[in-house]
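> Starting from the known structure of chain A, arrange chain B on it as the hints suggest.
Protein chains: 2
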Amino acid sequence: MEKWRTSYRLLKFCNGISYRNSKYQFSGRDSWSIHGKCYSSVASTVLQRNPSFSGITFDDISYFKKILGDRGVVQDEMALESANTDWMHKYRGNSKLMLQPRTTDEVSQILKYCNTRSLAVVPQGGNTGLVGGSVPVFDEFPRILLKVIINVGSMNKILSFDKVGGVLVCEAGCILENLISFLDTRGFIMPLDLGAKGSCQIGGNVSTNAGGLRLLRYGSLHGTVLGLEAVLANGTVLDMLGTLRKDNTGYDLKHLFIGSEGSLGIVTKVSILTPPKLSSVNIAFLACSDYSSCQKLLLEAKRKLGEILSAFEFLDSDAMNLVLKHLDGVRNPLPPSIHNFYILIETTGSNESFDKENLEAFLLHAMESGLVTDGVLAQDMNQASSFWHIREGLPEALMKAGAVYKYDLSIPLEHMYELVEEMRARLDAEANVVAYGHLGDGNLHLNISAPKYDDKILAQIEPFVYEWTSKKRGSISAEHGLGLMKANKIHYSKSPETVDLMASIKKLLDPNGILNPYKVLPSTLVSQT
Amino acid sequence: MEKWRTSYRLLKFCNGISYRNSKYQFSGRDSWSIHGKCYSSVASTVLQRNPSFSGITFDDISYFKKILGDRGVVQDEMALESANTDWMHKYRGNSKLMLQPRTTDEVSQILKYCNTRSLAVVPQGGNTGLVGGSVPVFDEFPRILLKVIINVGSMNKILSFDKVGGVLVCEAGCILENLISFLDTRGFIMPLDLGAKGSCQIGGNVSTNAGGLRLLRYGSLHGTVLGLEAVLANGTVLDMLGTLRKDNTGYDLKHLFIGSEGSLGIVTKVSILTPPKLSSVNIAFLACSDYSSCQKLLLEAKRKLGEILSAFEFLDSDAMNLVLKHLDGVRNPLPPSIHNFYILIETTGSNESFDKENLEAFLLHAMESGLVTDGVLAQDMNQASSFWHIREGLPEALMKAGAVYKYDLSIPLEHMYELVEEMRARLDAEANVVAYGHLGDGNLHLNISAPKYDDKILAQIEPFVYEWTSKKRGSISAEHGLGLMKANKIHYSKSPETVDLMASIKKLLDPNGILNPYKVLPSTLVSQT
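Residue numbers (full-length UniProt numbering), protein chains in the order written: chain A, 1 to 529; chain B, 1 to 529.
None of these hints come from the bench; they were simulated from the model. One or more hints might be untrue.
No distinction is drawn between identical chains; accordingly, a pair holds when it is met within one copy or between any pair of copies.
Claimed, not checked - The calculated SDA-like cross-link candidates involving lysine to any residue, where the alpha carbons are at most 20 Å apart (straight line), are: (1) Lys304 x Leu278; (2) Lys304 x Phe354; (3) Lys406 x Gln460; (4) Lys356 x Arg303; (5) Lys304 x Ser280; (6) Lys163 x Ser292; (7) Lys304 x Gly187; (8) Lys406 x Tyr466; (9) Lys277 x Val169.
With the rest of the complex left out, here is chain A (with noise of 0.2 Å):
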């Protein structure tokens, strides 16, 4: 068999656009070229392919063609085009082949095949992730189709809603949107909520591990989703859609296909517990002189909100600034002063009148303990919408701004802040360091905005701000995944036993590795096992 090996020293983030310095070497058949794909934000990144896998033949797209009929199976370049970037056109593929099953029986079918065929595969939902997990590479040969995108959009049934329990089931292309929808008509809500809903896929949610704006709340999906199908690399369809609340019969391995960023399996069916929307939602906007303020805030919320707290959400003032400046018809809702820290609370509760009461007495103590410099309260739900706007539109303000370093962190809260600082010290004026993020979940999103895209800059970010996190035992990555960015990153945040016995797990569920490679383990690691 013949082995290649190809190393990249990647010098900016691209935009599917060029390279420079790339070096490859390839010993074997055919010569091969880069076709403007980017694999990597890392400064100097070395990938193995693997060998084993075969390219697609005319007679493999015939059969996927009898399995699917013609409408499911894309070859249109057009069509393809949205399946082989991400939406920040971060990371660009080239394949030629989309599927589009409609039914779990056709993605068993497919897996099978392309598992006996050893043909590589890209599980899709939305397309809607940051690291580059649902985005092919490895697609350079000009004469082979290498990567095979299954994307399951077609599968968009809600089957079942069980208005006492609470429990949606429903297949995993359904559009989160469209299911906040649904049960809003029927007085539930999705337990998650986040910027993509009108694109992201419950089944790429749930391969994600998403997190969003209501875990402060609602707690991640390991604790409301109950049950899964998901389809193993081999065709098997694991039966784990149970909508029980309990169930303690052996291992719950739902669990591993939740947050594996479909390299274990891919989900075709969710049934997950939704809370019942409550009627009343008030939102404050207030701002802090101080970290150490926001801090002390939400011990106090968490103490005198409780039960009504759903969101507890922070800016620091570089990132006020950049959503003034880029993204039109926005305001800062509080008086113009020197404020340092914003803060955005969200309280859900059953009773109007006592939930304001509520609130108002927590920020008039908040105001008078001076934790708080300034705030207001939403007087009605455009001014809740225009307070939820500047914190949501932050990454469209950021990629308007020109070139960003996106980074999602999980660091202990009283460490948090200390990062934000260390990186402006180490970075040139012309760097602005943006933070803000979900406070309430210890998750900060640190941002390094600039002119554009410089290897400079890039150094002085990496690997600092991986290395500062492992150090105070955070998270690289809190709720975007690894994907193909932070693949060989992992060992930051997690023990070298525990991504061993990753690997091993991966070994075990798809031993031909065909699911997503390249993604969430170390390519290394993988091939060794």
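Same frame as chain A, but now just chain B:
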């Protein structure tokens, strides 16, 4: 290697005393006898011993003493008595050796040695389980000790508590009640609470995925446990002891150890998210005329009490009568009348007056709409405790009433009580069918109380109860686990493909099968892999 096979036909739930019709075969170097052990409550069970386990030698004991000192190696029969018996005296082992490590490193050294020597191990915490999961079995050789108990009760230190994030890190041997007391003084609570809190240990709680009284509000341990340290069969220490709410860096392997009943590794440390203690607790005790009203009341409670609802328990009139008859000083808080169902509702919130007002309005509405036929709101802590005592005293009342066949089931709410009615129709009048449980979680505790254990009664109950539950896609063990009692019944609640994968994972993590053998997974399946 000698082959032995044992087949039992057990005729009653025994008290460690006797068998009838025990059948056994032995072909090997020695004869053996049964010493009053009870392996299963099943009418007919075939267990095949794993012949590859070694007997414990004097050299082994010397080695353990070198690691643990004399203190940590318990051979005294009196001291071993309680470790060899479950608290219901239903299962009885005969192990002659209990090890009491004080550190993770000691656990690691012990397991590494046991794995090399093929010594079978029973991990044990507070030994409060109800399915024989923590009791040693197969120690029948009169001259060979076959099973080592590893009791982690000496590992009982609280390691850290973060009062901003509410994250508690402690060793596995901490008794649940001690953790509750520790947190109480700091203004926090444990997210789980159960009747056995005075003895059960957090490591055991995690290993059995204990449910209990607060699951309705705070969810399962899969959601609240943030990190674990566990030792694998070969002595490898897995440091997964994160303290972060969000960490999406690879597979979240801690979930494998939550609920696997010590069969994949020994949990040595736990990191858990603890909710703030809220000051206002209110309790109502209500009566409903039929099961349909109970269901509707639950739906209303979720909607109207939403964020403050913390328990929704039920018992039927047979359960109430049993408590009144067998527990001293208990009285029905509702005036004498024929009530078919009783509901205990607890709310927990931060505002006494609002919560009470809210609960009163809810109860008034429930009375007016006819869902509730009578009800009373606890006026003080004593009255509140007396309400809880009715519900929590049921297991004790059942023990006092005579023989009891216990089933812990999750059943979709709409069908739950049908099973109770069908069971009553199957059984003679002398068998008293008693139903209670965590209605808010869909968890039914079905108990059949009889003057004495009787094959005829058991044959009327099993396999009917499991088949019925399976048909409704329920769980044959909602919160107690499978242990020894239901290991061979896993197929009633899990698909064959899922069970096969469980067995493969067991084989991967514990290739010699030394950890808690004969528990959780069907013995035939484990031996095949």
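> Would you mind marking each hint as holding or not holding in the structure?
Structure-based check of all given hints:
no.	hint	verdict
1	Lys304 x Leu278	both (19 Å within a copy, 9 Å between copies)
2	Lys304 x Phe354	both (13 Å within a copy, 13 Å between copies)
3	Lys406 x Gln460	within (14 Å within a copy, 63 Å between copies)
4	Lys356 x Arg303	both (16 Å within a copy, 19 Å between copies)
5	Lys304 x Ser280	both (17 Å within a copy, 12 Å between copies)
6	Lys163 x Ser292	between (43 Å within a copy, 14 Å between copies)
7	Lys304 x Gly187	between (27 Å within a copy, 12 Å between copies)
8	Lys406 x Tyr466	within (12 Å within a copy, 52 Å between copies)
9	Lys277 x Val169	within (18 Å within a copy, 34 Å between copies)
No hint from the list above goes unmet by this structure.
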